[in-house]
Amino acid sequence: MKKSLLRTIIFGCLFVLTGLFLAAPAMAARVDTGSVDGIWSSWYWDWMENDGNYSLFDDGEAMNRFDILVSDDTYTSDAQGWEYYYHGPPQGPASWWGHCHAWAGAACWERQPINSKIVKNTATGVKVKFRIRDRKGLMCEAYYNDAYASVADFMIGQPSPGLTWTYLRAEIKGKDPMWGKKRGFVGELYYGPEVWNYPIYKYKVTYWWNASGGYYEGYMTLWGAGDGSPSYANSTTLYSIKITYQFWGVQLDNNGWPTTHGEWIGTGPQSRPDAIWRPQYPLTWETYLGNSYLYDGALDVILYNK
Amino acid sequence: MGSRKRHTWTWHGLFLLMICCFFIVQGEVAAALDAPPAWSPGQWWVVESQTYNTGKIRRGDTPGWEPKVGWRYQVEGTEDLEGEPYYVVVVTPLEGNKCAYTFRYWFRVSDRTVGRREVRHPPRNPEVQKDIGPPVVARSFNNKPNLLNNFEFPALPATIPVFSSRAHASSSGAPLTMSRRTQATTRISTAEMKDKADSAFMAKVGARVTPDSSSIKISQGAGVVESQYWNAGLPWCVYGEQSNETFTSRRYWLVDMGSN
Chain S
1128 MKKSLLRTII
1138 FGCLFVLTGL
1148 FLAAPAMAAR
1158 VDTGSVDGIW
1168 SSWYWDWMEN
1178 DGNYSLFDDG
1188 EAMNRFDILV
1198 SDDTYTSDAQ
1208 GWEYYYHGPP
1218 QGPASWWGHC
1228 HAWAGAACWE
1238 RQPINSKIVK
1248 NTATGVKVKF
1258 RIRDRKGLMC
1268 EAYYNDAYAS
1278 VADFMIGQPS
1288 PGLTWTYLRA
1298 EIKGKDPMWG
1308 KKRGFVGELY
1318 YGPEVWNYPI
1328 YKYKVTYWWN
1338 ASGGYYEGYM
1348 TLWGAGDGSP
1358 SYANSTTLYS
1368 IKITYQFWGV
1378 QLDNNGWPTT
1388 HGEWIGTGPQ
1398 SRPDAIWRPQ
1408 YPLTWETYLG
1418 NSYLYDGALD
1428 VILYNK
Chain Z
1036 MGSRKRHTWT
1046 WHGLFLLMIC
1056 CFFIVQGEVA
1066 AALDAPPAWS
1076 PGQWWVVESQ
1086 TYNTGKIRRG
1096 DTPGWEPKVG
1106 WRYQVEGTED
1116 LEGEPYYVVV
1126 VTPLEGNKCA
1136 YTFRYWFRVS
1146 DRTVGRREVR
1156 HPPRNPEVQK
1166 DIGPPVVARS
1176 FNNKPNLLNN
1186 FEFPALPATI
1196 PVFSSRAHAS
1206 SSGAPLTMSR
1216 RTQATTRIST
1226 AEMKDKADSA
1236 FMAKVGARVT
1246 PDSSSIKISQ
1256 GAGVVESQYW
1266 NAGLPWCVYG
1276 EQSNETFTSR
1286 RYWLVDMGSN
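Same order as they appear, the protein sequences are chains S and Z. Whatever position you read off the first sequence (first residue = 1), add 1127 for this note's numbering. Whatever position you read off the second sequence (first residue = 1), add 1035 for this note's numbering.
Chain Z with its partners taken away, still in its complex shape (with noise of 0.2 Å):
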């Protein structure tokens, strides 16, 4: 009797199991998004952003949301990049943004990888004061993320999901690496979607979305958590936010959209 009793029980111990290590398994291995956003040359999209204000730089400061500032994306035209081809976008700072720089950005075509990111800087007096260098500073990522990439112009948010069906890295059981990438997707519903997007541009838009939407996490391992809500009819997501251990530094809309 005993034994049977501890045998029952080792049964239900390893069917609990099997259901965490299915749930855990689901939470880890990140689901590949079906297919990047339909993008076309002309087409151009319009996200405000806003940052994170500790209050710890300034003496003075009280801890806030700073003023939201906005950006144009425009797919330019298409690239080869080591034999690939990639979206070009350029980014520009709209009124109001105090940003000077103008940015280009690859994009794979295929899934989105960004392969290269073009600033573009007005020049200074420089009379008056230092010399900035050339005009326009690359960087070529080589198929890598680049660690500097997270923390570089943060009002800009310019992190989206790698869209491939190839299984993405998952963090367990690994020490973590400050240059390590996962990413995580959660189907949500529409609702959910609209929830955290702009309700005016929803409004505007509601026509183009479609029924499948998606939450996901990118983790860029140095901390730095992306969370991002997509919906496939829409070039960029419409709502994301990025996050440290502490709190929450960085969070932007997609506002507008069209095409010339």
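Chain S extracted, bound-state conformation (with noise of 0.2 Å):
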């Protein structure tokens, strides 16, 4: 009876470990990691006016140093006041809105501006001093036009988790980019009305197989180039903002790339990205430019970085 007892709970204890051992490699989660260099921070420069916060259209800004510069006896500049009407309180805007996704775009093909520059103008002699935030603002006022599926490289709304995690190892991964290195993309990462659009820059996928489902599961990662300050503007440093996203229900194939769309969990605004692109790259300053007074032989000059 007692060695009966003894053979079971051993062959007991024998299953129970072989069952483990045979399930430890499914069971065990797995990481899938990328990232790409080159992406900056910046501020999302909003529309309000006398909220603390520093817009394009104040005095002493961007539009302003721009004005001033390019202004003489006969012509008079007036992209402040463009910015003012269009991109300001004129507009009724709410306290979300601004210039991410210009920014956010710039931010993928552009390289960040690294210090303060002198620009004179030859004719009228008057020097203007643009500070790394007057030059980051003009670039994210330059690409004001670029979320658009005409000129995009890519865009997709509400993607799924698998198409998400395919555009993360093909662009910044570097798998299969579509210009033949990795580069950046932008992720709108809050489900809902309010857009908040960031430059992605790296991922990490933390997934394990569900057996009785026949898929994987995990948690999704992304971190993008933070815009939350107005001190980010006049900064060289990334700062940068972290979102998890959890799934379930995508295969993979043999190479790592999902093969099906999977479903994300939960519903709430920070549960899955509302959309992912990529503007395709301007030649000019002025392609996706919508401030009338601004120009590619100006901006050229006070953007170059030498």
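Incorrect hints may have been included.
[Unchecked claim] Here are some of the chain S residues that sit facing chain Z, going by a computed Cβ distance under 10 Å: (1) 1133; (2) 1136; (3) 1220; (4) 1227; (5) 1280; (6) 1287; (7) 1321; (8) 1415.
[Claimed, not checked] Below, in silico cross-link-like pairs of lysine-lysine (PhoX-like), each with a Cα-Cα straight-line distance of 25 Å or less: (9) 1256(S) x 1244(S); (10) 1369(S) x 1091(Z); (11) 1309(S) x 1229(Z); (12) 1308(S) x 1133(Z); (13) 1239(Z) x 1229(Z); (14) 1308(S) x 1165(Z); (15) 1302(S) x 1331(S); (16) 1302(S) x 1252(Z); (17) 1254(S) x 1244(S); (18) 1309(S) x 1103(Z); (19) 1302(S) x 1369(S); (20) 1103(Z) x 1239(Z); (21) 1091(Z) x 1103(Z); (22) 1103(Z) x 1133(Z); (23) 1308(S) x 1369(S); (24) 1244(S) x 1165(Z); (25) 1103(Z) x 1252(Z); (26) 1165(Z) x 1300(S); (27) 1229(Z) x 1252(Z); (28) 1256(S) x 1165(Z); (29) 1309(S) x 1369(S).
[Said to hold, decoys possible] Where chain Z lies over chain S, by a calculated footprint (3+ residues, C-beta under 8 Å): (30) 1266-1278; (31) 1419-1432.
Since the hints were made in silico from the structure, they are not lab data. All values derive from a computational prediction rather than experimental measurement. Note that CB positions come from ideal geometry on N, CA and C, so glycine has one too.
Since each chain sits alone in its own frame, please combine them into the complex, following the hints.
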């Protein structure tokens, strides 16, 4: 009786251990990561007035400085006035309205201005200092009309986990980049009516096999450059935001590419991305420009890196 | 009596089941297109496309269709890829189209499967703007549809059916995979085709229109469906639209054609 009980216990333990041994590889979490360099932080330049944060139309900010540089006795530039009217209080903005889509596109394609620059108008002799934040602000303004499908490298609304992961691997990890080398792209990372675009520069997918479901599930963490503080505009530090989504139902091929869409878990604004996209690169600063007082010749000089 | 009734109902049920199966199979087994459109070097056509702005990416945008942009397709010639002849078609943006790139697509002569795509893009001033990389970026598809290709350059319609007598995969009963491509063809009347086409173009090319028109749905697997209207006498679909699960994201019309 005792022997039989002992045998049962031993075989039972062996059975459980064998099961655990065999299941271990499937239960172990795997990690897929990728990152790109060159993405930069800024401020999203809200449309609000007198809220304690600076806006592109404020005195002493980028548009005002541009006007001072290019105006002369016969020509009065009014980039500041244009900005105030079209990207400012007269439009009745909500507090979250700003230039995040424009900054996010610029941060994918353009070099970060890393120092201030004094620019001289040789005709008038006027010299104007453009700080890092002015130069970033002008880039953001130049990219204002970048968020249309007609000028997009790609633009996917409400992407599934499988599709998001595919683009992360292709572009951020550089496994199949459409421009031949890895590059960041933009994520509208909050699901809901508000729009918060960020240039994505890093990701980590932690996933494991769900044997009963026959799919992978896990967490997908995205890092985007941040635009949450006006001070970011004048800094060259990469400030980041991080958001983690949860998913299930993704199957992978032998090379690690998702083959099924899967589903996001949760319904809140931070449960899934609203869109992933990237503008085509512009050939000139005027390609996506809205502000009719800005122009290539002056922007080339101000944004020139030497 | 009761048994005979049951027997009769069983036969009725089986008959109904057969009819249902017939229609289900008709709907799901993709009919092959008879032949690819006739292309020849020097031939060109113009497609106007429109993309839909969901209003969800830029604050304050209202949802709606963006302005139309034009693309000119020209058959440059033929080239062999892996021992098979392909038409090389150059696609260039027309005036008003902000796309700065030109494209070359290799469509297999036998069935128009896309085997390769090149994007040629002009250089930028590296002192001012970040380097983009090599001026020509090519992607080979090696007879496999590329998932990402469904989403790249959303304003450029470059998806067409596979014109093959081979049966295409049906999606029935299989899990939805992102890379699975299926297509289904329905014969339609000339009037139905013309109803979708650009009317000015139809007036111009009326004599070339044949009685053979088709409506084709190409499912890209990734939740993207391309619906197109073809006529056997024309080189490209007269109308097409791309839809995903929630909305139509792109539509396009054949608006001109000719030969150099």
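How the hints compare with the structure:
With a cut of 10 Å, the hint placing residue 1133(S) at the interface with chain Z is violated, because the nearest CB-to-CB distance is about 47 Å. Restraint check, residue 1136(S) versus chain Z: the minimum CB separation of about 42 Å is more than 10 Å; hint violated. Evaluation of the residue 1220(S) hint against chain Z yields a held restraint, the C-beta minimum of about 8 Å falling below 10 Å. Hint status for residue 1227(S): holds, given a least beta-carbon distance of 8 Å to chain Z, under 10 Å.
Given the 10 Å rule on beta carbons, the hint for residue 1280(S) holds: about 7 Å separates it from the nearest Cβ of chain Z. At its closest, the beta carbon of residue 1287(S) sits 7 Å from a beta carbon of chain Z; the interface hint therefore holds under the 10 Å criterion. The beta carbon of residue 1321(S) comes within 8 Å of a beta carbon in chain Z, closer than 10 Å, and the hint placing it at the interface holds. Taking 10 Å as the C-beta cut-off, the interface hint given for residue 1415(S) holds, the closest approach to chain Z being about 8 Å.
For the given pair, residue 1256(S) sits about 6 Å from residue 1244(S) by alpha-carbon distance, which is consistent with the 25 Å threshold. Simply put, residue 1369(S) and residue 1091(Z) have alpha-carbon atoms about 21 Å apart, close enough for the 25 Å limit, and the pair holds. Proximity of residue 1309(S) to residue 1229(Z) is assessed by CA-CA distance (about 44 Å); at most 25 Å being required, the pair is judged violated. Between residue 1308(S) and residue 1133(Z) the alpha-carbon distance is near 23 Å, which keeps this suggested pair within the 25 Å criterion.
Between residue 1239(Z) and residue 1229(Z) the alpha-carbon distance is near 12 Å, which keeps this suggested pair within the 25 Å criterion. With a C-alpha separation of about 13 Å, the suggested pairing of residue 1308(S) with residue 1165(Z) holds against the 25 Å cut-off. At most 25 Å may separate the alpha-carbon atoms for a hinted pair to count; residue 1302(S) and residue 1331(S) meet this at roughly 15 Å. Only pairs whose Cα atoms come within 25 Å are accepted, and residue 1302(S) paired with residue 1252(Z) is rejected, the gap being roughly 30 Å.
For the hint linking residue 1254(S) to residue 1244(S), the alpha-carbon distance of about 10 Å falls within 25 Å, and the restraint holds. At roughly 31 Å between alpha-carbon atoms, residue 1309(S) and residue 1103(Z) are farther apart than 25 Å, so this suggested pair is violated. For the proposed pair residue 1302(S) and residue 1369(S), the alpha carbon gap of about 23 Å is at most 25 Å, so the pair holds. About 20 Å separates the Cα atoms of residue 1103(Z) and residue 1239(Z), which keeps this hinted pair within 25 Å; it holds.
With a CA separation close to 20 Å, the supplied pair residue 1091(Z) and residue 1103(Z) stays within the 25 Å bound. This hinted pair checks out: residue 1103(Z) and residue 1133(Z) have alpha carbons roughly 11 Å apart, not beyond 25 Å. For the proposed pair residue 1308(S) and residue 1369(S), the alpha carbon gap of about 24 Å is at most 25 Å, so the pair holds. For the proposed pair residue 1244(S) and residue 1165(Z), the alpha carbon gap of about 18 Å is at most 25 Å, so the pair holds.
At most 25 Å may separate the alpha-carbon atoms for a hinted pair to count; residue 1103(Z) and residue 1252(Z) meet this at roughly 23 Å. Between residue 1165(Z) and residue 1300(S) the CA atoms are separated by roughly 19 Å; this keeps the pair inside 25 Å, and the hint holds. The suggested pairing of residue 1229(Z) with residue 1252(Z) holds, with an alpha-carbon distance near 17 Å, which does not exceed 25 Å. A threshold of 25 Å between alpha carbons decides the hint, and for residue 1256(S) with residue 1165(Z) the separation of about 23 Å falls inside it, so the pair holds.
Proposed proximity of residue 1309(S) and residue 1369(S) is supported: the alpha carbons are some 20 Å apart, at most 25 Å. Counting residues of the segment 1266-1278 of chain S whose beta carbon lies closer than 8 Å to any beta carbon of chain Z gives 5, which reaches the threshold of three, so the coverage claim holds. Restraint check on the segment 1419-1432 of chain S versus chain Z: 4 residues with Cβ-Cβ distances below 8 Å, three needed, restraint holds.
Hints 1, 2, 11, 16 and 18, counting from the list given before, are not met by this structure.
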